[in-house]
Every structure is written in structure tokens, then in C-alpha cells.
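Listed here are the chains, written in short residue letters.
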Amino acid sequence: MKDIDCTGKTSRVINQEIRHHIQAGETDIRVQHPQARHNLGVAVLQQVSLTMSGSVGYYCGGLIDGPRIEVQGSCGWGLAESMLNGTVIVNQNAGNSAAASIRGGTVVVRGSASSRAGIAMKGGTMIVQGNSGYMTGFMMQKGTIIVCGDTAEALGDSMYEGRIFVGGRIADLGNDAVIEEVTDQDQEFLATTLAQYDIAAPASFQKIVSGRRLWQFDKKDFDTWREAL
Amino acid sequence: MNEHRTSEQRTSERPVVRHSTTWKPETIEDIQAKADLGRYRIRGFSALRDRPLPSFDDLTFVPCTLTRVPLEGYREKCSTKTVLGSRFAKKPIEIDIPIMVTGMSYGALSYNAKVALAKAAARAGTSTTTGDGGMLAAEREHSDILIYEVLPSRYGIDVHHLRQADAIELTVGQGAKPGTGGLLLESKVSDEIAELRDLPPGVDQRSPCRHPDWLGPDDMLTKIEELREATDWQVPIFVKMGAARVYDDVKLAAKAGADVVVVDGMEGGTGASPDILLDHTGIPTLAAVSEARVALEECGLYGTVQLIIAGGIHSGTAAAKALALGADAVYIGTAALIALNCNKPLYVDDYHAIGAEPYACHHCHTGRCPVGITTQDPELMKRLDIDAGAERVGNFFNAMTLEIQMLARSCGKSDVHALEPEDLRALTLESSMITGIPLVGTNVVFAGGPGWKPSSER
Numbered sequence: 001m002k003d004i005d006c007t008g009k010t011s012r013v014i015n016q017e018i019r020h021h022i023q024a025g026e027t028d029i030r031v032q033h034p035q036a037r038h039n040l041g042v043a044v045l046q047q048v049s050l051t052m053s054g055s056v057g058y059y060c061g062g063l064i065d066g067p068r069i070e071v072q073g074s075c076g077w078g079l080a081e082s083m084l085n086g087t088v089i090v091n092q093n094a095g096n097s098a099a100a101s102i103r104g105g106t107v108v109v110r111g112s113a114s115s116r117a118g119i120a121m122k123g124g125t126m127i128v129q130g131n132s133g134y135m136t137g138f139m140m141q142k143g144t145i146i147v148c149g150d151t152a153e154a155l156g157d158s159m160y161e162g163r164i165f166v167g168g169r170i171a172d173l174g175n176d177a178v179i180e181e182v183t184d185q186d187q188e189f190l191a192t193t194l195a196q197y198d199i200a201a202p203a204s205f206q207k208i209v210s211g212r213r214l215w216q217f218d219k220k221d222f223d224t225w226r227e228a229l
Numbered sequence: 001m002n003e004h005r006t007s008e009q010r011t012s013e014r015p016v017v018r019h020s021t022t023w024k025p026e027t028i029e030d031i032q033a034k035a036d037l038g039r040y041r042i043r044g045f046s047a048l049r050d051r052p053l054p055s056f057d058d059l060t061f062v063p064c065t066l067t068r069v070p071l072e073g074y075r076e077k078c079s080t081k082t083v084l085g086s087r088f089a090k091k092p093i094e095i096d097i098p099i100m101v102t103g104m105s106y107g108a109l110s111y112n113a114k115v116a117l118a119k120a121a122a123r124a125g126t127s128t129t130t131g132d133g134g135m136l137a138a139e140r141e142h143s144d145i146l147i148y149e150v151l152p153s154r155y156g157i158d159v160h161h162l163r164q165a166d167a168i169e170l171t172v173g174q175g176a177k178p179g180t181g182g183l184l185l186e187s188k189v190s191d192e193i194a195e196l197r198d199l200p201p202g203v204d205q206r207s208p209c210r211h212p213d214w215l216g217p218d219d220m221l222t223k224i225e226e227l228r229e230a231t232d233w234q235v236p237i238f239v240k241m242g243a244a245r246v247y248d249d250v251k252l253a254a255k256a257g258a259d260v261v262v263v264d265g266m267e268g269g270t271g272a273s274p275d276i277l278l279d280h281t282g283i284p285t286l287a288a289v290s291e292a293r294v295a296l297e298e299c300g301l302y303g304t305v306q307l308i309i310a311g312g313i314h315s316g317t318a319a320a321k322a323l324a325l326g327a328d329a330v331y332i333g334t335a336a337l338i339a340l341n342c343n344k345p346l347y348v349d350d351y352h353a354i355g356a357e358p359y360a361c362h363h364c365h366t367g368r369c370p371v372g373i374t375t376q377d378p379e380l381m382k383r384l385d386i387d388a389g390a391e392r393v394g395n396f397f398n399a400m401t402l403e404i405q406m407l408a409r410s411c412g413k414s415d416v417h418a419l420e421p422e423d424l425r426a427l428t429l430e431s432s433m434i435t436g437i438p439l440v441g442t443n444v445v446f447a448g449g450p451g452w453k454p455s456s457e458r
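Protein sequences, first through last, are from chains A and B. Each residue of the first sequence is one higher than the one before, starting from 1 at the first, in this note's numbering. Each residue of the second sequence is one higher than the one before, starting from 1 at the first, in this note's numbering.
One chain only, chain A, in its complex shape (with noise of 0.2 Å):
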């Protein structure tokens, strides 16, 4: 394990030192007192661990492909925004549109989530422990978000394919958001994901999926565009 300490240190400097110490062969790498920089982590493309010993600002892993980030902490904007692949998991909550674009990999938050959380998902999954803000899954297009707890208004929002399981109470479903049944093979899903990563399912969970009828514009469903435009 290799020790970073960001104490005066810019985003740009604690970066270098990352990619200095994967360069060498590090795998484990822990960086300390990140005192909420922005931007730690970006761009990793190794299967490398990194764990941020506090609280990171914005965009922490993004653009990722590869490797596996912890953060012992809560996090800014955009955490892992556009991953492709790797892992990034935050113990505490994090702020707007985590798993932002991401196209695949895990995003897991054992805290709350804010608002837009898991927008414009491209693939991958995003667990939430605790409740999500408004507006998640805003214009999702894959992939999979799992809220164990409550989810504020505007749920799945104009999705246009992919789900999202809630596990608590929905506020309010977004344009074309609509419930479907859990299958035994979402319930099996369900369950072995949250396993892997020591969360206690809920009771029970609802599935969001898209309603679909944005897909194409129709003019005898006024109502619902109006609303989506």
C-alpha cells in the first residue's frame, strides 16, 4: 500500500502522483486528507485500488475504465461520471448526478444520493443504501440503478430504456415512467448484487422501467409530451 498525503498539495500534483505510483507497479494506493479536491482519481485506467481517506469534491473517478475507488467519505458532483468500467464505492452521500453517463461498471453510495442521480446512464449499475433526490435516472438509456431506500419526485424521468428498483417509497414517477412486476430472475439479481457489497435487501422492491411512449412523438398523446418538452 502506497500513502498519499494531499496536505497543500494541488488536484494536479495528488493526480501525478497516482499515475506515478501505478506507473511503478503500485496496485493499492491510498490517498489521505483529500479534504474534498476536485477531480481525484480521473481517468484511471488501471485495475489499480484507490481509496480516499475523507471526503472528495467534484467528478472523483471519472472517466474511469478499470479500477476499483473507495471513498471513506462523502462526495461532490459527477462521481465516476462516464466510467466505463471499474468500481467506485462511497461510504457516506454524495452530492448531484453520481454515475452520471456512466456506460458500465458499479457506482455504490451506502448513504443518500442528491438529485439526478444516475442521469443519462449509458450501462453499468448504481446502488443507493440510503434515498434518492429528484429526478433519478433522468433520461437514463441502460443499465440498472437500485435505490434501497426512498426516491423524491420525477423517478425515471424520460427514460428510454434500462430499470430502476426502489425499495422504499417513490415521491412521484417522472414523464413515461411506469411500474412493471419484479421477476424472480430481477429478485435473484437483486439479491446477489446487494450482497456483494453487504447491503441488507429491503422487503420488498418496485421496478420502473420505461413507458416507452416518448420514443416516438404522437400526436394523440399530447398530455404526455407536453410535459416532456
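No lab work stands behind these hints: they were computed from the structure.
When the alpha-carbon atoms are kept at most 25 Å apart in a straight line, the in silico BS3-like pairs for lysine-lysine are as follows:
1) A:Lys9 <-> B:Lys90
2) A:Lys207 <-> A:Lys142
3) B:Lys255 <-> A:Lys9
4) A:Lys219 <-> B:Lys34
5) A:Lys220 <-> B:Lys34
6) B:Lys91 <-> B:Lys255
Put chain B on the given structure of chain A with help from the hints.
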């Protein structure tokens, strides 16, 4: 005698039919089309307004006579070399000419069109740009300099592509429809395009206009830093926006750390847009460049942050005037497609079949482009030969370059970037007001341009 006829009509053998200027045939047709569609209308191409927009055509060059000495027009050296992104990037872009290909997606354009543009740009010593659908491998292969767009939709976003790029363009919006995302209708969302964008095949794709993970300029500053970290501060970061409140927006982009600001005027084209946005949103390119220049001057960043101007640039003259007004380079999109054969009278029956005709086709949104440019149909695409198309676009780049040089030499400039507002005069009161350039026959500066101030400060 019919008693219902008016006295005027009774006096004429052939009564004069009077047309309303409010209820023109186009207005009537528009209402009836919407009465059928039940929605706004969608089309491609560019603004189609009745009244011409103020444009670079409203300015004229005042070349050398006795007060200044020209360069020998067809002989003397006149540099066109252009450097972009020298503010923070370790590797600024160096291109041979101040004309670049703007971002147009693989999806909006056919494979053949994308590759032809890449080859043409490489031959002309300039760059091309990816677009709202990710990086096409063949485009990377054939482009010497490729700019990778990071758009609100993030379709096809891939860190490996980002790191293969020669510059990153963070797109806030586009001139054709500032404040609204792109469209790609069902017929163009082929299985391949859907796969690349992670969408269900055959949907009407409506791209978001707001980035998923940042909102205002303060967030953008952090986003720009993220992109720099991801590319190790090697390549320039452009910020592209549709021309709206340009004076303020350019300052915000420069303050947020952009190396290059791209301003796309309302004449900018698109593959598909609600037509009201094409015709009724944004400000003309002429006004955009004027506001952008003064914004950078007031920040003390003119010359440090480069300015690229886009939107309806159709010739070397328009490009030269944009440079004189303050641009470091221009983007071309529609003009490059026209050089590829867009709107050319070939396959005329196929134009008619989609309700268009040569020289008046704006049906890119249908996916039935008669000349194989804005289509995903393999049969239509074959109509565009990649190498022949690349040669035409390359020739057009060369012609534009010669035109810019010709105007620069006539103004006594040995570098096209030395063109300046003093080389221009305004032909209309309107363009004088916009640019701050004196109206011909006067020495009066009415307002605008380098003297442009928001009304609160006048």
C-alpha cells in the same frame, strides 16, 4: 352583374388578386402542416427567414491605395498558419489554414461523409471535429488533427477516445438551436448508430441540452479541470456555445479556463431541429464575432484565448471578414457539405420525392439525403464517393484560403491574422451599428463592435 363584386373588381376584366403580407402562402402552409402534425415542425439545414439577417455581406473591404501599400496580389507571401490553444495546453493545435471543420455527428452524417471530411481536412492541413455521437474509428484514422466534442448527451463518451484527441471541445450549445439539444429522428437511428449511442434502435432521439453533471460556469471551471486532468494538460480545451448573450458568455467561458472559445451564430446549420429555433433563436454571426471580440479585449485575454467563429461561413470573403473582426479561425459545416454535393442537382427525382428540390433542400432530418451525405441508408450513402468528395472539399478549402489571402494582400497584410476592423467599411447602417465600423461615405462610428457596451454601461 354580380352584386357581390366590389366596384374595383367591376372595373377590371382580370381582377387583381391581392396577397396578405401577414397571411403569406408560407404562413398558411405552416399552419396547415402543424394542424396535421400536432407539433412543431422539424427540419435540417439553416435559418430560412424571409428577411435576410445582417451578415458579413453587409461589409466591404477597403484595400490599399495611397494611404496603405498592398502586397503583390498573386505573388507575395501571405501566411495562413493558425495556432489555437496556447493559453494552458502543452500542445496547442497548429493548422495551416484558419478554416476548420465543425462538429457534425456520425449519425447526422453518413460514414462516407465523415470520412470524406476527415480526408479533406487532413489534405488541407486543418482539423475536423467528432460531433454528438462519439468518435468514429475511421475519422480518427483519416484526420491529422481531430477535435473531440464532449456534449451534454455524452453519447459514445469514451475516455480512450478522449485521449486520442488533439483537442477537446466542451459543447455548451450550437448556433442552430442554442438552449436546446439535438435531434436524430427514427429513420437515422440505425442499429449501428443506436449501438454507438446506447439507445434503442429506431427511437426519435432527443439530445439533452444541459450537461448531466454541471450547470453553470463555476461548475464548468471544475469540469474543464477534469478534462485537463484526463488528458494530462496536453491538449487545448475549447468551449463552444450558440450565440446568445455572447458578450457575457464569452467572458464566463474565458474566466472558466477555456483555451479557445467557439461562438456559433444563428446561421449555423443542423441535421434536424425544430424550425422555430433555426429561425427565431440566437444572434447572427456578424454580431456574435463583434461581441466576442470586445468581451475578450475587456478581460485582457484577446490574443491569449483564441476565438473561433462559426455559423453560415460560406466563402473566403466571409471568413476574411470574420478574421478582420477578431476571429482567429472559422468553422465551416454546411459549406463543407455543399462542397460534398449537398443540394446539387443530381438524382433530382429523389429530391422531389422528399418534398424538396436541388438548391432548396433542407431535408437532412428525413435521412433520405439524395446525395448520400445526411443518411444512414447504405444505398444512398454509395452515391457519395469518399475520395472524390474529399477532393472537392479539399479544393474548396484551398479556394477559400486563396480568397482570404487575396483580400489580405490587397489590404497590405503578409499574414491573414493581421486583417483588422480598419480594413472594413459597413454597407448598411445596421452592420455599422453592430460592428462599430464606419458606414461607407462617413467617418461616423455609430456604436457596436469594439466599442460595444451593455446598455447599463452606456
